[in-house]
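**Q** If you read the sequences in order, they're chains X and H.
Using our numbering, the first residue of the first sequence is number 1, and each one after it goes up by one.
Using our numbering, the first residue of the second sequence is number 1, and each one after it goes up by one.
There's no promise every hint is true.
Derived DEER-like restraints, expressed as beta-carbon distance ranges [said to hold, decoys possible]:
| # | chain 1 | residue 1 | chain 2 | residue 2 | range |
| --- | --- | --- | --- | --- | --- |
| 1 | H | Arg-64 | X | Lys-21 | 22 to 32 angstroms |
| 2 | X | Lys-178 | H | Lys-19 | 57 to 67 angstroms |
| 3 | X | Gly-132 | H | Lys-68 | 46 to 56 angstroms |
| 4 | X | Gly-147 | H | Tyr-228 | 25 to 35 angstroms |
| 5 | H | His-155 | X | Lys-21 | 33 to 43 angstroms |
| 6 | H | His-155 | X | Leu-175 | 35 to 45 angstroms |
I should point out that these hints are in silico values taken from the structure, not numbers from a laboratory.
Just so you know, even glycine gets a beta-carbon here, dropped at the ideal spot from N, CA and C.
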Amino acid sequence: MAILKTEDLTYIYSAGTPFEKTAVDHVNLEIESNQMIGVIGHTGSGKSTLMQHFNGLLQPTSGKIYLEQRDIWADKSRLREVRFQVGLVFQYPEYQLFEETVYKDIAFGVRNMGLNETEIRERVLETAQMLGIEKDLLERSPFALSGGQKRRTAIAGVMAMRPKILVLDEPCAGLDPKGRNIMLRQIRDYQKKTGSTVLLVSHSMEDVAEFTEKLLVMSHAKLFCYEDTKLVFRKSEELKELGLRIPQIASVMQALRKNGYDLPEDLYTVEQAKQAVLYLLQNSRNDQINRREDGSSC
Amino acid sequence: MLKDITLGQYFPVDSVIHKLDPRFKIIDTLIFIVMLFSGNYIWNLLAGTIFVILVQGLSKIPFRMSVKSIQPIFPVLVFTAILNLAFIDTGETLWSWKFLKITEGGLQTSIFMICRIILLITGSSLLTYTTSPILLTDAIESLLSPLKKIKFPVHEMAMMMSIALRFIPTLIEETDKIMAAQKARGAMLDNGKLLDRVKAMIPILIPLFVSAFRRAEELATAMECRCYQGGEGRTRLRQLQATGKDYCSLTICLLFLIIVILLNCIYN
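Sequences and hints are given; from them, build the entire structure.
**A** Here it is, written out as structure tokens:
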């Protein structure tokens, strides 16, 4: 059963003026629960605009959005509830920190939900732990933290609300490679642990290849496709036309296969590729040994 | 929602008035204001009306823009009119009720005042409609440059003004983003009691200030990297150059002023 569904969702910026621009064009989507979903698309393809519809920050020009079969714009007074159920972390979320302490900042969203102090404390501590924010940092000012720690604090603020759907807009932008990897792993662990749906907007094909099960591809305000990650990466030519590409390792594997190496299809992470290549090498070595043994026996 | 606010009301079309030297436009506007207030007679208003209509026509600014510029001062207009009606006690009494009475003098003054304020606003709005904010600050810097002799930091003032203008759209965009982010965390911005609303501004104002300071610091560094060290020996990309047309505009304005003063002298 789809948790979030859009019907002919269309959004036009500055409608009725000469600056009119369609940012989202008749998008039909059904998002299931308990999944990691990657959102990719060239710059200006409408990814961010689409994401802001999911929690009712933007009202569609036409079309509908259903959260658990309920039209979110049917009753505007319940929009706030929608925002607690669909968490949205913007790009560079560290610029929205404002509280005196990290603890209070993470608690801001949860407190808005109207939970009591014990519940708030429980959630903040649990979320901080999930994201690797040490306990002694919680009483520090968020402005005294390092860039990566600030980012974690801001993400924790939304995660602590335990939304059924969590949308992260480029959560790793500007982090170093090691930090990226740790962050993405923590996000995946959060997803597994809570059984929620996480939408990960990213420009890194490597990241979405490794961490997501399905991909939502946007192109020129339209939904290009929404399929299993490996099915999307089979369309390497089409992706190139959209200004995207398949992960580098997948290109290498494709080239090898073209040159007659017996590698399986759908290799798009370094780990998978390593296993396959090692397996291939092992086999060919065995073949050589067998052949040599055959030769000597003659 | 914040984007709908028009700041710096520059309306870019191609017209004679747009092309005039901004320094002259400022002086012209000042003369226009002097003309409006140089006497309390019908001639001032008549000349002012002709002047505004003339410039409006030449500048190709749509009429509705000028109407829009009066809208925000409408309460002021009403207030001035009521005050004048109620307190000026000269001439014949036209209407009275208990202690309130409206006199001929009061009615006349209030009509004069309203017309004068409308002309003042529409006339000076034409300056900002036809001149981009950056050109305006350049012109102010140039006009105030004699003050350098008494060590008044004219260049620095103008630089601060243009930086402030430059950052208004940036900060508006930033505010929009922060508001969206805090709404996503369930912040309630547009309902609740007054105290709650003030409190709800904190999550927006603090990040906004932090980012404004950060931007200021970055800008300062960027300026120093380009060896900025004040106005001393600095040349300009856009040189302000007076042409025949500019002197022409000045002459027309002065003529208006002189004629009005003469008419006032002769007929009163």
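**Q** CB of His-155(H) to CB of Lys-21(X), is that within 33 to 43 angstroms?
**A** holds (40 angstroms)
**Q** Check the following: the C-beta atoms of Arg-64(H) and Lys-21(X) are separated by a distance inside 22 to 32 angstroms.
**A** Because 25 angstroms falls inside the window, the suggested range holds.
**Q** Lys-178(X) and Lys-19(H), beta-carbon distance inside 57 to 67 angstroms?
**A** For Lys-19(H) against Lys-178(X), whose Cβ atoms are near 58 angstroms apart, the range 57 to 67 angstroms holds.
**Q** Taking 46 to 56 angstroms as the stated bounds, is the beta-carbon spacing between Gly-132(X) and Lys-68(H) within them?
**A** holds (54 angstroms)
**Q** Quick one: are Gly-147(X) and Tyr-228(H) within 25 to 35 angstroms, going by C-beta?
**A** 28 angstroms Cβ-Cβ, so the 25 to 35 angstroms window holds.
**Q** Evaluate the given range 35 to 45 angstroms for the C-beta pair formed by His-155(H) and Leu-175(X).
**A** Holds, at about 42 angstroms.
Every hint, counting from the list given before, is met by this structure.
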